[in-house]
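Trainee: The chain contents come next:
Protein chains: 2
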Amino acid sequence: MKKKSKKRTPLAKKKFGNSKKHINQQTYLGLGPKFVNSIVIGLNEDDDIHVKKIVAGLDEYDLARLIEILDISHRRKLVSIIGDKIDPAVIPELNEVVQEQVLDSLDENQIVKIVNELDSDDAVEVLENMDDEEQDQIIQHLNPELKYQVQSSLNYPEDSAGRIMSREFVSMPDSWTVKEARQFLLTSDELPDEFYTVFLVDEKTLRPTGEITLDKLLRAKPDLKLNVVMNGEIVPVDVHTDQEEVAHMFREYGWMSAMVVDTKGRLIGVINIDDVVEIVHEEASEDMMAIAGAESNDVYRSVFDIFKSRSVWLVTNLFVTMIAASVVGGFQDMIAQLSVLAVLMPIVASMGGTTGQQTLAVVVRSLATKELTSSNTLRMIGKEFMVGLCNGTLFAFLIGLAVYFWRPEQVMLSYIIALAMLCNLVVASLAGILIPLTLNKCKVDPAISSGVLLFACTDTGGYFIFLGLAKLLLF
Amino acid sequence: MKKKSKKRTPLAKKKFGNSKKHINQQTYLGLGPKFVNSIVIGLNEDDDIHVKKIVAGLDEYDLARLIEILDISHRRKLVSIIGDKIDPAVIPELNEVVQEQVLDSLDENQIVKIVNELDSDDAVEVLENMDDEEQDQIIQHLNPELKYQVQSSLNYPEDSAGRIMSREFVSMPDSWTVKEARQFLLTSDELPDEFYTVFLVDEKTLRPTGEITLDKLLRAKPDLKLNVVMNGEIVPVDVHTDQEEVAHMFREYGWMSAMVVDTKGRLIGVINIDDVVEIVHEEASEDMMAIAGAESNDVYRSVFDIFKSRSVWLVTNLFVTMIAASVVGGFQDMIAQLSVLAVLMPIVASMGGTTGQQTLAVVVRSLATKELTSSNTLRMIGKEFMVGLCNGTLFAFLIGLAVYFWRPEQVMLSYIIALAMLCNLVVASLAGILIPLTLNKCKVDPAISSGVLLFACTDTGGYFIFLGLAKLLLF
Numbered sequence: 001m002k003k004k005s006k007k008r009t010p011l012a013k014k015k016f017g018n019s020k021k022h023i024n025q026q027t028y029l030g031l032g033p034k035f036v037n038s039i040v041i042g043l044n045e046d047d048d049i050h051v052k053k054i055v056a057g058l059d060e061y062d063l064a065r066l067i068e069i070l071d072i073s074h075r076r077k078l079v080s081i082i083g084d085k086i087d088p089a090v091i092p093e094l095n096e097v098v099q100e101q102v103l104d105s106l107d108e109n110q111i112v113k114i115v116n117e118l119d120s121d122d123a124v125e126v127l128e129n130m131d132d133e134e135q136d137q138i139i140q141h142l143n144p145e146l147k148y149q150v151q152s153s154l155n156y157p158e159d160s161a162g163r164i165m166s167r168e169f170v171s172m173p174d175s176w177t178v179k180e181a182r183q184f185l186l187t188s189d190e191l192p193d194e195f196y197t198v199f200l201v202d203e204k205t206l207r208p209t210g211e212i213t214l215d216k217l218l219r220a221k222p223d224l225k226l227n228v229v230m231n232g233e234i235v236p237v238d239v240h241t242d243q244e245e246v247a248h249m250f251r252e253y254g255w256m257s258a259m260v261v262d263t264k265g266r267l268i269g270v271i272n273i274d275d276v277v278e279i280v281h282e283e284a285s286e287d288m289m290a291i292a293g294a295e296s297n298d299v300y301r302s303v304f305d306i307f308k309s310r311s312v313w314l315v316t317n318l319f320v321t322m323i324a325a326s327v328v329g330g331f332q333d334m335i336a337q338l339s340v341l342a343v344l345m346p347i348v349a350s351m352g353g354t355t356g357q358q359t360l361a362v363v364v365r366s367l368a369t370k371e372l373t374s375s376n377t378l379r380m381i382g383k384e385f386m387v388g389l390c391n392g393t394l395f396a397f398l399i400g401l402a403v404y405f406w407r408p409e410q411v412m413l414s415y416i417i418a419l420a421m422l423c424n425l426v427v428a429s430l431a432g433i434l435i436p437l438t439l440n441k442c443k444v445d446p447a448i449s450s451g452v453l454l455f456a457c458t459d460t461g462g463y464f465i466f467l468g469l470a471k472l473l474l475f
Numbered sequence: 001m002k003k004k005s006k007k008r009t010p011l012a013k014k015k016f017g018n019s020k021k022h023i024n025q026q027t028y029l030g031l032g033p034k035f036v037n038s039i040v041i042g043l044n045e046d047d048d049i050h051v052k053k054i055v056a057g058l059d060e061y062d063l064a065r066l067i068e069i070l071d072i073s074h075r076r077k078l079v080s081i082i083g084d085k086i087d088p089a090v091i092p093e094l095n096e097v098v099q100e101q102v103l104d105s106l107d108e109n110q111i112v113k114i115v116n117e118l119d120s121d122d123a124v125e126v127l128e129n130m131d132d133e134e135q136d137q138i139i140q141h142l143n144p145e146l147k148y149q150v151q152s153s154l155n156y157p158e159d160s161a162g163r164i165m166s167r168e169f170v171s172m173p174d175s176w177t178v179k180e181a182r183q184f185l186l187t188s189d190e191l192p193d194e195f196y197t198v199f200l201v202d203e204k205t206l207r208p209t210g211e212i213t214l215d216k217l218l219r220a221k222p223d224l225k226l227n228v229v230m231n232g233e234i235v236p237v238d239v240h241t242d243q244e245e246v247a248h249m250f251r252e253y254g255w256m257s258a259m260v261v262d263t264k265g266r267l268i269g270v271i272n273i274d275d276v277v278e279i280v281h282e283e284a285s286e287d288m289m290a291i292a293g294a295e296s297n298d299v300y301r302s303v304f305d306i307f308k309s310r311s312v313w314l315v316t317n318l319f320v321t322m323i324a325a326s327v328v329g330g331f332q333d334m335i336a337q338l339s340v341l342a343v344l345m346p347i348v349a350s351m352g353g354t355t356g357q358q359t360l361a362v363v364v365r366s367l368a369t370k371e372l373t374s375s376n377t378l379r380m381i382g383k384e385f386m387v388g389l390c391n392g393t394l395f396a397f398l399i400g401l402a403v404y405f406w407r408p409e410q411v412m413l414s415y416i417i418a419l420a421m422l423c424n425l426v427v428a429s430l431a432g433i434l435i436p437l438t439l440n441k442c443k444v445d446p447a448i449s450s451g452v453l454l455f456a457c458t459d460t461g462g463y464f465i466f467l468g469l470a471k472l473l474l475f
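So the protein sequences, as listed, match chains A and B. Under our numbering, the first residue of the first sequence carries the number 1, and numbering increases by one thereafter. Under our numbering, the first residue of the second sequence carries the number 1, and numbering increases by one thereafter.
These are calculated hints, taken from the structure and not from any lab test. It cannot be assumed that every hint is accurate.
Copies of the same chain look alike in the list, so a pair counts if it works inside one copy or between any two.
[Stated by the list, open to error] With a straight-line Cα cutoff of 30 angstroms, these simulated BS3-like cross-link-like pairs (lysine-lysine) come out:
id, residue 1, residue 2
1, 443, 204
2, 179, 216
3, 216, 113
4, 179, 85
5, 370, 85
6, 225, 179
7, 53, 370
8, 370, 34
9, 34, 441
10, 221, 179
11, 113, 179
12, 370, 52
13, 77, 204
14, 113, 52
15, 85, 216
16, 370, 443
17, 443, 34
Chain A on its own, in the form it takes in the complex:
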């Protein structure tokens, strides 16, 4: 997961202005192939001085990008040359897989030094990818405040609001006046690098009561109390809420930030919209990859890792196709007598597979984005059935006609394939919606297993319907 970093390094503090926009006009158009090449040559020739010099000119975003673009061996070499002089802000910017590879090239002390410079949410992001033992080792050596923050975040479930929330935010009692609030903002040393909203809590319970954006605070009358000028229509997010749900609420209600509360309702963190951009991006990628049996980080993985993850999916698929083949096997004698059946049978199965996939993609995505709810599920099933029927009729007609012109002497063959096409396309449409819905009901991620089950239906179904009809009507 890549994310903007809010660095707390002394360097960043010295620089006034928004460190997030520190972008080199020249490199913003992407690190050109020439640039990357010169680094690669430097790495190949062990010209550490040259490499260090070039890298020193890059900001955290471009250095992260460069590390990602290099292949694994160059990546490791580059990191070992920079060592712990690497800008800590680079690490959270890296793709998850690359991040792991980079940290593997550093020793424990170097990692502790880097993590100590990060904000707690970035630190959590880096730490949660490590194995438990390594994680414990690093945490033990963090500075006390960060250690406490990181430990309590890691106690919340993976991908929960508690993991992604930031603990650096501005909050104050809602009983303060606008003047007091402004005074606090002017004098406090403990403010985050950047903030847009002040979050308000009840002084006694520490529960959130409202929020006020800086533009409103700037323009409000100084003597008014904050609880008069604040926006009190807030929806605190429980710390255990899944990040996908959080992203959904941001999108659905146009939020810019959300307050995270613990089980007692006390304000403990804030999620900002820039983190949500990453979550939306990530979740969409994951669904798309899961449906195809791949993983979104494959670009950065080694051949062996990719092979491992993909072969699991292929084994399942092999099993499914062998079942389909065994259906064909049951009709082997018939095929021996009328081999044209073998020519036509893949058409029915393939059209079914494609039809089912269309429905499946829509349904999996609609479930993820919560566009498919209990109120419109039945209607959607009906719609998919109708679409299957329409397409089934159209393609029954087309394939029937084609086969008739190809083999006019065997009219029955046209009828059989037309009927099989109609049936299989309806089955495929229904399978495409019912399979993910059922998996979803059973709390199984519909993106992951739907595809295989779908093909099991459309292939096995397609062969069985077509060959079965042939047996019934021709023999």
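Got chain A sorted already, so can you dock chain B onto it with the hints?
Mentor: Positioned in the frame of chain A, the structure of chain B alone reads:
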């Protein structure tokens, strides 16, 4: 496309505080089935008073959601009951397809009234979905300022920065002092409903020179000039830049907002991160749907519309499978002699299809997110080839073994299917990366046509390799 609305209705102005967070705690958990049901009953019984009463309690987000959840006929009925009393802010919140249906239920005067209440970016979003004639009609009747803004935005290409940018933002000359800036913010009547950053321009050229976030402005010394305290490391976005590219830059560099400039480099608009969330969401959905030959708005479409769009894809697929079938046809005599070949051939084709799809999904997504660049393309091709080789070897062995145990008397069959599997999986892996790369080079969206071309390779290829080898080695 759904998007936060920044409403300028008198109602919104009266209310102090952040109108975006106006959320009813009770409904935020989603409009329950009971609630939706009571509306449906009201609509069925033509109980307009009941319906109006319930709807009046909903904010723009929940009303938009309710309209989306209803089926087309209820949707139309509800809109005709509310009429032009509908909160204008609801319209930009609606899914594109639903928005069109809702506007179809309103007459021209009602639409003009609604659009006149919107910010220019929301107005553009609503207008760009209309056909040219209707669009012109509406624009003619807008108030002069909005009319000018909308017309100039619509002159920019679809999905460009010029279309999505907001024209309501705060900018001032960088030669002002912090004090002057604050004074302006306190006294100006023309400020947007909400803003977080002040954008700075050169007084003469109107070109952007920097930006300053409100927290920095609040804390800066009053006598300093803005061009001293501002963040000057900005990257203005050209107004013609594609929205996908804009979203990519936001993600890559952790931006919160971006300044949009015209061809002369003058600041003409601003894109905020909350718009980017929608773009990221939309583009990911589109890719996922395109790869499967479906469309992301199918949930809201009528059966006939879904049928039309999906059947186009299926016709192409029919064509591809018929080519594959004709390959099988070429070996028909052989199959008649040895019908076991018909049983085994789908296994090779199907495994190829699945392997190719895994690669395809990764490559299409990586191209969209620009993780695949000229610097790592060759390496990625090599990796996919190796993964194909590894999987090919593994599954050649597995299927060879399975066939051997099934038909020990025909050892040659095991060798043939094993060899065919190896070849087809390598072909599939290479096709999965080379097809989208080639399409991308030819400026064709790889998400849309890759799938069909891939299956043409893996099906036709699978049958040809398997049956061809059988012909060569058995007959």
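Trainee: All hints are to be evaluated individually against the structure, with a verdict given for each.
Mentor: Results of checking the hints against the structure:
1. 443 - 204: neither (40 angstroms within a copy, 61 angstroms between copies)
2. 179 - 216: Both, since 13 angstroms and 17 angstroms are each at most 30 angstroms.
3. 216 - 113: between (39 angstroms within a copy, 29 angstroms between copies)
4. 179 - 85: For residue 179 and residue 85, neither the intra-copy (43 angstroms) nor the inter-copy (40 angstroms) Cα distance is at most 30 angstroms.
5. 370 - 85: For residue 370 and residue 85, the Cα distance is within 30 angstroms only across copies (28 angstroms; inside one copy 45 angstroms).
6. 225 - 179: Cα proximity of residue 225 and residue 179: in one copy and across copies (9 angstroms, 24 angstroms).
7. 53 - 370: This pair counts as between: shortest inter-copy Cα distance 26 angstroms, intra-copy 50 angstroms.
8. 370 - 34: between (45 angstroms within a copy, 17 angstroms between copies)
9. 34 - 441: between (52 angstroms within a copy, 20 angstroms between copies)
10. 221 - 179: Classified as both; 8 angstroms inside a copy, 17 angstroms across copies.
11. 113 - 179: neither (40 angstroms within a copy, 41 angstroms between copies)
12. 370 - 52: between (48 angstroms within a copy, 26 angstroms between copies)
13. 77 - 204: For residue 77 and residue 204, neither the intra-copy (54 angstroms) nor the inter-copy (49 angstroms) Cα distance is at most 30 angstroms.
14. 113 - 52: This pair counts as within: shortest intra-copy Cα distance 20 angstroms, inter-copy 61 angstroms.
15. 85 - 216: between (42 angstroms within a copy, 29 angstroms between copies)
16. 370 - 443: Intra 15 angstroms, inter 33 angstroms, cutoff 30 angstroms: intra-copy only.
17. 443 - 34: between (49 angstroms within a copy, 23 angstroms between copies)
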